[in-house]
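Chemist: One-letter residues, chain by chain:
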Amino acid sequence: MSATTAETPAPAPAPDTASAKRRSQAWDTALVTVLSFVTALVISAVLIAISDKQTRDSLQYFAHYPGDTFRYAWSAIWHTYQALFYGAIFNPHTAANGTMAGYLGPISETLTNATPLIAGGLAVGVAFRAGLFNIGGQGQIIIGAVFAGFVGFHWHLPAGIHLVAAILAGILGGALWGGIAGFLKARTGAHEVITTIMLNYVAINLLGYLLSVKGFQAPPYGQAIANPVDHNATLPLLLGSSLRVHLGLILSLAAAWLVWWLLKYSRLGFRLRAVGANPFAARTAGMHVENSYIVVMLISGALCGLAGVSQVLGTNPQITSDIDGGIGFDAITVALLGRANPVGTVFAGLLFGALRAGGPLMQQYAPIELVQVIQSLIVLFIAAPALIRSIYRLKTSGPSVGAELAKGWNG
Amino acid sequence: MSAAVQTEDLTVDHRVVDTSLSPRTRLLRAAAYAVLGLISLVWLGLDVDGGTAHLVFDTHTVSLPAKATVIVVGVVLLGIAAWQAVRGFGKRATPWVAGIAFVLFMVAFFCWVSTQGNNPDIDVVGLLQNSIGLSVPLILGALAGVMCERSGVINVAIEGQMLAGAWAAALVGSVAVTWVGLFGALAAGAFMGVLLAVFAIRYLVNQVVLGVVLNVLAAGLTGFLFDAFMQTDSEKFNTPGVLGEIDIPLLHSIPVIGPLFFEANIVVYLTYILIFGVDVALFRTRWGLRTRAIGEHPKAADTVGIKVLALRYRNVLIGSAIAGLGGAYFTIGSVGGFAKNITSGNGFIALAAVIFGRWSPRGATAAALLFGFAIALQNNLSINTHAIPSYFLAMLPYVATIVAVAGLVGKVRAPAADGEPYVKQ
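In order, the protein sequences belong to chains X and R.
First residue of the first sequence? That's 1045 in my numbering, and the numbers climb one at a time after it.
First residue of the second sequence? That's 46 in my numbering, and the numbers climb one at a time after it.
If you are wondering where the hints come from, they were derived from the structure by calculation, not from laboratory data.
No experiment lies behind these values; they were computed from the predicted model shown.
Watch out, some of these pointers could steer you wrong.
Derived DSSO-like pairs (lysine-lysine); straight-line CA-CA distance at most 30 Å [said to hold, decoys possible]:
(1) Lys385/R / Lys1097/X
(2) Lys352/R / Lys469/R
(3) Lys1258/X / Lys1065/X
(4) Lys469/R / Lys281/R
(5) Lys469/R / Lys1065/X
(6) Lys385/R / Lys281/R
(7) Lys281/R / Lys1097/X
Chain R on its own, in the form it takes in the complex (with noise of 0.2 Å):
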């Protein structure tokens, strides 16, 4: 970017991000929790009747008077704009303070949401659940972005594997039975991620590109192959059936928490222990420091005996296999049958998951919730209110990449060899 950038490369860099925020950042920070405020009281305050919102947890029913909660929301949270501003939050309290300032808005939302159309209830489980549904997908591509990058190969392709991950899915669970598509589906994202880690590890080319065009081949391969037999013969080739709901005994008798996590089908299981697995193991075990090694300064990483082409393609590998299953997620994970482009974009949202979470497996999760979170709000609200037009709700996951990309909220930085293919001298 600068010539710092470049002199920095030079010496041996051991920077310790974010322990003391730059004042700049704080502000921004501060005006971000600001606004959050503002909105509350302002608009969604004045806005507000005299009603009460009834949040519908399941059975539960808890009604809140909506007026006195939004401007309470918008007090504590301007409190909390002014706190960070003086004082600043520790890096641990950080997301916490985060999280919580984000579900107190919610709460003032859904209240003005709950008195603006004629049905005040609002069906926060029903609203998670869904927003778990759309996330799982999300987080899947996210952790095939978060192998491939922290070692060193930009994944723009991640659609692109999904897309054949959810194809495969539906073919082979027609062949053969429902699961089993399951490994196609992994064999699929992994067979696309061949492709990604030869074109770019063998023959250098340049990672964005060939992103691009694997998702276009993805989409044409998928497309053609859908049109020229599943089409025309889904009873044999596009009929897979749905994966079946798993309750896991007990956990899924406990209430909200049960029907939320543990009363989901396998794919969502494998997600919990794939989040949990990568996290544990990028961080915690020797393969983890040398992915991060080889995906920081593939050079030192070579001189202390990392075979750095071969761990880079086992995790591209590894990655895009779990970016297929993500892409089953699609098919035999829920509808139950292929149609083209079918993962409609997710890819996409998945990678800026990657980059808004930071390049952290529990970042990009978080993202991807949240992403996830986001188009459920849409697809639900759209039935209560018309107030806010989807499609700005949609743009939202967007809208915050490039905020968190422009380093309005604090640096944002890529593994330092992410992209750059390496040559053996």
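In isolation and in its complexed conformation, chain X is listed as follows (with noise of 0.2 Å):
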């Protein structure tokens, strides 16, 4: 790491001092996301090595020695790292075989589980962007899959025409359950972290119900498992039968495309940019801030919507109780790590996509639930980029983000 950090450039004494200053700020930002991501796989290292019980016993005759200590526990972090990036990027063993299923598998894995998490990232950006804050994904993505769940499954069209009708339904669902958030928001100024996190919660048991009702519920009835969707309306596999991946993929990459113009290039994005900057300023300039809430919390929630379309349709298409798959919550963390702009986002999510696909394989040298470390860690840096440059002795400083999200319940 220490190569990287001795290459950060002094600001040049260019012409264009702002797009220098500009160059300089991103590259500080990447420079403490990378190191960010480095913090957090060595704290894990730390934990890994604790869980490894050879290390354990090995502490026991510590003092004679300690070269085994060491040597167990650089083993049981090597292994566990690099069964991570077998499942997530490359495995060697599997493309051994020599069939596609072997040499892609990993990386279909990777862009299986990015997909939703680009679409839920965004959801929860486009929502920082206007200054909200959407903690409601779990909810929005439950009832996007809800709604793209039944008419997958009760309605019976022709090919083509039933998949885009479970799709709209799937991301009118979510807007419809986002709207709710904004519409308080606007109306009676309901803080929208507040509510949304409420609206999780109604939208689990909404479908718990859901889930012991006949008609919606799969004969013979005994679990808490939905009709299976129609293959007229899951969304077709990109690779082949043998590999998971998914045409959910090509719609968050669109998704995030559409997120970046509008944000960039159209009135209304930078209207939402503006009421999250200062909805004092952008009020007074004629803007109406509580409309922005309500549209802002629509495309959130659309977003949300189709990341629950992605996971019914898509990935497995049969709506369980857990459907939401923790992506909810994940989403928050991907458009953090992301900085709440698309292209970020669609990276942040593949990377987060890829420590969800090698979490099975690494299962069996640490506990799964060392993703769920890694990535809380990576935001909890990401967060306070100023631990991270003290930390490492770096000396220039950017925006954090999410500062301009330091707002209480009142806000």
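Using the hints, put the two chains back together into the complex; each one sits in its own frame.
Modeler: In structure tokens, the structure reads:
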């Protein structure tokens, strides 16, 4: 890491100092991101060593053979991270088979896991930009999945039309659930963090109820699992039947492009950013702040709905009680890591998708919760760049993510 | 929220909340009572056939004519609604009236449930016992929230603090003796509190973001460490035992009240002390005045010489330790062992209780009891009847909180500086 640190460029005395400054700031951001990742991996390595039984046992004779402890610890850490890599990027053992699934399996898993994370991360990110904090991803994903799934198994339409209808239904469901929070915020000032958290639990219980109702629940009505979605309504696989990556990935990337365009070039995007930067100034400038809250929560909810769609029409075409799969909360970390900008969010989604994909294979060496630990540590450090800077003695200072969001319940 | 809020910050505002209710609020409250009354009269009243309801209190059974009771309750509730709409109730009377209306409605509801299933006995004391059991961790979590948020630090990490407490209580209780686990829980909660405080106060991280991330971290860490050795070596690391029941002499032999409140374990008694302690401390002591000052207007507090940041650190630590104690109730307080995600969202219900209880210890406790009651009702009634899907009862705390923050039943206002880091100029 020291090599990268040394390369930090001194701001060049170029004629266009503004763009040079922006470039150095971007560099600084990237550096903090990488260092956060590295720090998270280092702390997790300590946890892996602690959790390894051989290492712990060797501590009993540490005074006599300290080398053993370090060797065992190193081997545990190495194997764990290696398995994480094998599961997420490339696995030489399965590649030896020579099949496409062998070569591309891990990457396909990463992309499949990244698909809903990207959509969810965009949802949280776009709300961030308008100054709102959408913690309701879980609920919006559930409702989106319920809508999409219901259209998917209840209606029977020709191929193509059915898929489009189910996707739109899912997006609508998510938008509806997000819109409630936006509406309450605009009309009554109810803080969106509180309402979205509460709406999560309302959605969870609603799903629990639906999964116990005949017509929604799959026969023979013993398990909390919904009817399977029609084949016509499932998202087609992109790389053949042996790999799970599906059309949802393209939809998520398209959504990322759309959000990027919206925020950068559209009038609506400008209004949302203005409201996010300073609602009072935006109001003075004649913008309708309340309306913007409703609109952005509809958009945010719609994107979560898309995440729900990719879950229920793509990854596992039968709604279960954990259809959201923790994506709602991971989406928040994805958005923070991606600094609430669409391009960053895509990369953050890919990274966390990779961590999720590597988890199962890693499990033979370390408990799967390690993935959660790594993710939360990364975001914790990203959110506190001052801490990373003081650890690595960096001088430059850039804006911290979410600083503009430091507001209270009454804001 | 609006420009009005902005200008208010500039003036020293002594807002007196709720002396005269706005007509809108008064009518909305009246409407709430009217809805309860109409539910009793129309829905429950028409559905009840002429049977007798048996409400079982310990060894006594109260038998009520179901239909008549439901109708009487409905009429009384409509009367309360009418009075509320026309004259309104005073500030003092409001909680009592609300409480009485709630109890009356529950009686009507029990009468209805009693005639629905094949088992007409409603075990009221058992239900209340369950409610209190389920409320204890909620109350402790809510008190933690009150402690932090009154001093200006948003605590969304109650869930994580509880989870850490539950885990540490099980581990320490197994390695040492059961009751030592309590100290483990306090320490683990405080550790999560240190993270919250340092990142919020020192590094100025957005406190909601922070809370969410700390919850994930706590779930990840406890899950990881549970898998790593508590599960494989559960004999040694995950058999903490359960805290013994302590009967308070004399008090526990009072019928109904005794078994409800005075036959419990140490965590429950600590909860009583903490409810009282936090309430008195917050409103009757110098510490409380200072805490409320740094939560409302840290700059003013700083000007008169209060060490804002130090007090915030201290309060967040104490608060988080209380949440950790609440977590201990899940392991050594009830089932005697840790399982992944054992707090299962209770921290978020506690957060809801903080807000629903308007950031006051008494209010938060009442809200936690109400939510605990709703959960107990859901558990107990699913045995008696399937007429109401338990999922809808489970939604109740959350919907109630949404209604509360939307200002439909009166204004909910957080401490003014809640969530805003204080940077000395």
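Chemist: Are the hints correct? Go through all of them and say.
Modeler: Going down the list of hints, with the structure as the test:
no.	hint	in the structure
1	Lys385/R / Lys1097/X	20 Å, holds
2	Lys352/R / Lys469/R	11 Å, holds
3	Lys1258/X / Lys1065/X	61 Å, violated
4	Lys469/R / Lys281/R	49 Å, violated
5	Lys469/R / Lys1065/X	28 Å, holds
6	Lys385/R / Lys281/R	17 Å, holds
7	Lys281/R / Lys1097/X	14 Å, holds
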